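> Chains A and B supply the protein sequences, listed in that same order.
If you count the first sequence from 1, you need to add 500 to reach our numbering.
If you count the second sequence from 1, you need to add 148 to reach our numbering.
Worth double-checking, as some hints may not be accurate.
[To be verified] Straight-line C-alpha distance at most 27 Å; calculated DSS-like pairs for lysine-lysine:
no.: 1; chain 1: B; residue 1: K222; chain 2: A; residue 2: K547
no.: 2; chain 1: B; residue 1: K160; chain 2: A; residue 2: K547
no.: 3; chain 1: B; residue 1: K224; chain 2: B; residue 2: K213
no.: 4; chain 1: B; residue 1: K160; chain 2: B; residue 2: K213
no.: 5; chain 1: B; residue 1: K192; chain 2: A; residue 2: K607
no.: 6; chain 1: B; residue 1: K213; chain 2: B; residue 2: K192
Calculated from the structure, these hints are not laboratory results.
Remember, predicted model here, so these are calculated numbers, not experimental data.
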Amino acid sequence: QSVLTQPPSVSGAPGQRVTISCTGSSSNIGATYAVHWYQHLPGTAPKLLIHSNTNRPSGVPDRFSGSKSGTSASLAITGLQAEDEADYYCQSYDSSLSAWVFGGGTKLTVL
Amino acid sequence: VQLQESGPGLVKPSQTLSLTCTVSGGSISSGGHYWSWIRQHPGKGLEWIGYIYYSGSTYYSPSLKSRVSISVDKSKNQLSLKLRSVTAADTAVYYCARGLYYYHSREYYFDYWGQGTLVTVSS
């Protein structure tokens, strides 16, 4: 059971918008620790998509955006493309565990 | 920057898992980054194991602290992971990653990762 909870799967048609939630608690996201997001295609190196809640690294399309409110954070992907089909993970710090933690991951399927 | 993990794919229970991460395109010694090991159990999410700074300073996940050690070889631009007394529960894909760390806010994220290496613990 991951400390940060993500839906196991989401799906959307090409061109649509999807969101992936990441729910934590008062010892991680709710304690104002930053949330980061990664995209991972199995067998490849995970890729940083969003850091520090809302910031996109250079080279990441602006179709990807992050937000945070209370004990939750969200990753939004607009204009879905087939190449977006991957696993997505959120990450933050947990003060109770004194460790950085990840969500369980969400598999995005582009229909 | 590229990271490449290497090491045995099969380790016997109770033995020590040893992995190396070779960094190219950037120097561990240049500072400014904290280098981590992260693992993913089959079909599960990611688990952070620990980090090392080029100076040798380390911090480990409390859940693994008693069995883990991470070291750096600046001359080879490599970092290493040792996990002692392994069991089947340590079977996972192990990743090394470069991170940016802001101590006061505990903000730590990973901008470059290796592709990972599968380690199976079995007799």
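> Give a verdict on every hint.
Structure-based check of each hint:
| no. | hint | in the structure |
| --- | --- | --- |
| 1 | B:K222 x A:K547 | 25 Å, holds |
| 2 | B:K160 x A:K547 | 32 Å, violated |
| 3 | B:K224 x B:K213 | 25 Å, holds |
| 4 | B:K160 x B:K213 | 20 Å, holds |
| 5 | B:K192 x A:K607 | 12 Å, holds |
| 6 | B:K213 x B:K192 | 21 Å, holds |
Violated hints amount to a single one, hint 2; each of the other numbered hints is respected by the structure.
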